[in-house]
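Chemist: Below, each chain spelled out in residue letters.
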Amino acid sequence: MAVQTTNHLLRRGMGKDWRDLATYRAAGGYQAVKKAHQMGPAAVIEEVKQGSVRGRGGAGFPAGIKWGFLPKDSDKPRYLVINADEGEPGTFKDTYFLKEDPHRLIEGCIIACMALNAHACYIYIRGEFAEQIRTTWKAIRDCYAAGILGRSVMGIPFALDIYVHPGAGAYICGEETALLESLEGKPGRPRMKPPFPAVIGAFGSPTIINNVETIAAVPLVIEHGAAWWTALGVDRDGGPRLVGVSGHVERPGLFEVPTGTNLKDVIYELAGGPLGGRAIKAVIPGGSSCKVLRGDEIDVPMTIDGLRAVGSMLGTCGIIVMVEGTCIVRALQRLSHFYAHESCGQCTPCREGTGWLARLVDQLEAGTAKQGDVDTLLDVANEIDGNTICALGEAAAWPVQSYVAKFRDEFQAHIDHHGCPYGDHPTPGGFDVPGLPSVSPHA
Amino acid sequence: MALAFSPEADREITDIIGRYPERAAALIPVLFVAQDEFTYLSEEVLELVAERLDLPAAKVLNTATFYTMLRKAPVGKHHVQVCRTLSCYLRGADQLMATAQRKLGIAPGETTGDGRFTLEGVECLAACGTAPIVRINDVYHENVTPASLERLLDALASGKGEPVGGGGGD
Numbered sequence: 068m069a070v071q072t073t074n075h076l077l078r079r080g081m082g083k084d085w086r087d088l089a090t091y092r093a094a095g096g097y098q099a100v101k102k103a104h105q106m107g108p109a110a111v112i113e114e115v116k117q118g119s120v121r122g123r124g125g126a127g128f129p130a131g132i133k134w135g136f137l138p139k140d141s142d143k144p145r146y147l148v149i150n151a152d153e154g155e156p157g158t159f160k161d162t163y164f165l166k167e168d169p170h171r172l173i174e175g176c177i178i179a180c181m182a183l184n185a186h187a188c189y190i191y192i193r194g195e196f197a198e199q200i201r202t203t204w205k206a207i208r209d210c211y212a213a214g215i216l217g218r219s220v221m222g223i224p225f226a227l228d229i230y231v232h233p234g235a236g237a238y239i240c241g242e243e244t245a246l247l248e249s250l251e252g253k254p255g256r257p258r259m260k261p262p263f264p265a266v267i268g269a270f271g272s273p274t275i276i277n278n279v280e281t282i283a284a285v286p287l288v289i290e291h292g293a294a295w296w297t298a299l300g301v302d303r304d305g306g307p308r309l310v311g312v313s314g315h316v317e318r319p320g321l322f323e324v325p326t327g328t329n330l331k332d333v334i335y336e337l338a339g340g341p342l343g344g345r346a347i348k349a350v351i352p353g354g355s356s357c358k359v360l361r362g363d364e365i366d367v368p369m370t371i372d373g374l375r376a377v378g379s380m381l382g383t384c385g386i387i388v389m390v391e392g393t394c395i396v397r398a399l400q401r402l403s404h405f406y407a408h409e410s411c412g413q414c415t416p417c418r419e420g421t422g423w424l425a426r427l428v429d430q431l432e433a434g435t436a437k438q439g440d441v442d443t444l445l446d447v448a449n450e451i452d453g454n455t456i457c458a459l460g461e462a463a464a465w466p467v468q469s470y471v472a473k474f475r476d477e478f479q480a481h482i483d484h485h486g487c488p489y490g491d492h493p494t495p496g497g498f499d500v501p502g503l504p505s506v507s508p509h510a
Numbered sequence: 004m005a006l007a008f009s010p011e012a013d014r015e016i017t018d019i020i021g022r023y024p025e026r027a028a029a030l031i032p033v034l035f036v037a038q039d040e041f042t043y044l045s046e047e048v049l050e051l052v053a054e055r056l057d058l059p060a061a062k063v064l065n066t067a068t069f070y071t072m073l074r075k076a077p078v079g080k081h082h083v084q085v086c087r088t089l090s091c092y093l094r095g096a097d098q099l100m101a102t103a104q105r106k107l108g109i110a111p112g113e114t115t116g117d118g119r120f121t122l123e124g125v126e127c128l129a130a131c132g133t134a135p136i137v138r139i140n141d142v143y144h145e146n147v148t149p150a151s152l153e154r155l156l157d158a159l160a161s162g163k164g165e166p167v168g169g170g171g172g173d
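Residue numbers (our numbering), protein chains in the order written: chain A, 68 to 510; chain B, 4 to 173.
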């Protein structure tokens, strides 16, 4: 079966510079703002609900329902905050809008702010994205100059300011309440919920936080209608999705496919299949926090329910492929060090546990682990899981639990052989880097 | 001479403060302005920021020490950041780190004696589709190979490298 790709969200390869306001407008850009104004806030929120726009930041929460959580009786200002702190390993989709199509995001922000009656919007972009920060700021300034933002939006009596706020190098700020802390100038330590941000969010005011791709979908839903959008997806999960494939594939990259496209087909047809024609050993389907799948478990539809049925998550649709010859302990070592580095240190199980996990995996890989240490590893992961304020604890525990569950023999072999059975390859699978096929990111 | 912001930086700070309902929210963007101006955030610089934003120095220090991109020590002119997270690792990031170490003669976390290069291993830069990634100052280099990294480092060492910018602030 040939995989269908679409180009509604991902508009590369059309010979257009979408960063340019005139180019964006010539293709119908910002018309959805006018339509949204004619529809009115209640109808816009209903359309987004009907379109089953699910959060694309990993959690999959329906955007229209989230918007409905804002209190009706508060006299405080309301804020829209865009989570552009992209950093879940394996995920590289929001960067596309920030760098190549920022007006789509801004148009979505305007429609959302009018629907939510929010007059200020902050786009929180991770600090490493210097080019994306510059490009998004430039697009915002172009909008002010063209009367799209400011005291009125395109002649509509609605004042709106949009700002970019830079992050400063902390994965945890992708967690929405840590992001709010960071926006307020504090260390990014997640807040207890409740109160939820819709009630007490940024600056003590009602706040909606949405992912970049989620908001970028909104102009399309308004322009073409919820029925059109849902036809590109599946029941209760509308529209196409951006999926990123990285790791051991012939053609890594970002693709747009209807929600529900088969995971195996995405890897074999769009990403060119496993590197060197080897067998696939493991696949992380939706960002590094998701539970890993074995190569024989990937014939599944990319839907929230489809991935849940095989014990994992759709997450951010950031797919990481590992071929046979890759040491699974060494792969886990990378992720365990990542989570240990990124733990904010607030909750003891996560602060202490993530470091402990990393040290245990180090010992397994170095051949200094003792008999029984695989169980110790699981014990530590289980003690973190569910015992922290935010989901970083689970994100650190789930890879450990699933890698051990699916590849326990390989962990045990590291103990029995007093080291890594794969030897000392500087790269996994023994690939020599200069031999990797050259890939062009923007072809 | 007491430390002071340049008039341009001071105007930028005023502009940043105007974006938020609370002054404290300006802190991170202003720390980037300060870092661009003074290269890193010494205690003196942090005190200057606290004074400019009328915030307690302890609050400024608390935030500045939480974030990896806010530098509390000087770095080399070329800050070489090799991504070491999974997707980059699977595409050969360890070979890039080994190449950089050999070429620069320093270990991760160190700066060359002449102060020109700092080498660092960093976590996921969200460009996994073009892994492996090496970020030098604020510029991403994608699909890097040991050979292309050698050429890049040579060009920077000879002063012919591409111009590279500062921090993440605008």
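FYI, nobody ran anything at the bench for these hints, they're computed from the structure. All C-beta atoms in this analysis are idealised placements derived from N, C-alpha and C, irrespective of residue type, glycine included. One should not assume that every hint holds.
Sample of chain B residues lacking proximity to chain A, with all beta carbon distances greater than 10 Å (derived) [stated by the list, open to error]:
hint	residue
1	46
2	62
3	80
4	90
5	92
6	115
7	126
8	133
The calculated lysine to aspartate or glutamate pairs, modelled on EDC-like cross-linking and capped at a C-alpha distance of 20 Å, are [said to hold, decoys possible]:
hint	chain 1	residue 1	chain 2	residue 2
9	A	253	B	141
10	A	102	B	25
11	A	205	B	141
12	B	62	A	251
13	A	253	B	145
14	A	143	B	25
15	A	166	B	57
16	A	253	B	46
Chemist: Evaluate each hint against the coordinates.
Modeler: Going through the hints against the structure:
1. Separation of residue 46(B) from chain A is adequate, the least Cβ-Cβ distance of about 18 Å exceeding the 10 Å criterion.
2. Distance to chain A contradicts residue 62(B) as a non-interface residue, since its nearest Cβ pair spans about 8 Å, not more than 10 Å.
3. Residue placement check: residue 80(B) keeps its beta carbon more than 10 Å from all beta carbons of chain A (closest about 17 Å).
4. At roughly 4 Å from the closest C-beta of chain A, the C-beta of residue 90(B) falls inside 10 Å, breaking its exclusion from the interface.
5. The Cβ of residue 92(B) sits about 5 Å from the closest Cβ of chain A, inside the 10 Å cut-off, so the non-interface label is violated.
6. With a minimum CB-CB distance of about 23 Å to chain A, residue 115(B) clears the 10 Å threshold, and the non-interface call stands.
7. The non-interface label for residue 126(B) is inconsistent with chain A: the shortest C-beta to C-beta separation is roughly 5 Å, within 10 Å.
8. Not every CB of chain A lies more than 10 Å from the CB of residue 133(B), the least distance being 4 Å, so the non-interface label is violated.
9. At roughly 23 Å between alpha-carbon atoms, residue 253(A) and residue 141(B) are farther apart than 20 Å, so this suggested pair is violated.
10. Distance hint between residue 102(A) and residue 25(B) is unfulfilled; the C-alpha atoms sit about 34 Å from each other, more than 20 Å.
11. With a C-alpha separation of about 17 Å, the suggested pair residue 205(A) and residue 141(B) falls inside the 20 Å cut-off, and the hint holds.
12. A threshold of 20 Å between alpha carbons decides the hint, and for residue 62(B) with residue 251(A) the separation of about 12 Å falls inside it, so the pair holds.
13. Taken as a hint, the residue 253(A) and residue 145(B) pair is broken in the structure, with Cα atoms around 32 Å apart against an allowance of 20 Å.
14. Proximity of residue 143(A) to residue 25(B) is assessed by CA-CA distance (about 14 Å); at most 20 Å being required, the pair is judged to hold.
15. Proposed proximity of residue 166(A) and residue 57(B) is contradicted: the alpha carbons are some 35 Å apart, above 20 Å.
16. With a C-alpha separation of about 18 Å, the suggested pair residue 253(A) and residue 46(B) falls inside the 20 Å cut-off, and the hint holds.
Going down the numbered hints, you'll see the structure goes against 2, 4, 5, 7, 8, 9, 10, 13, 15, while the others check out.
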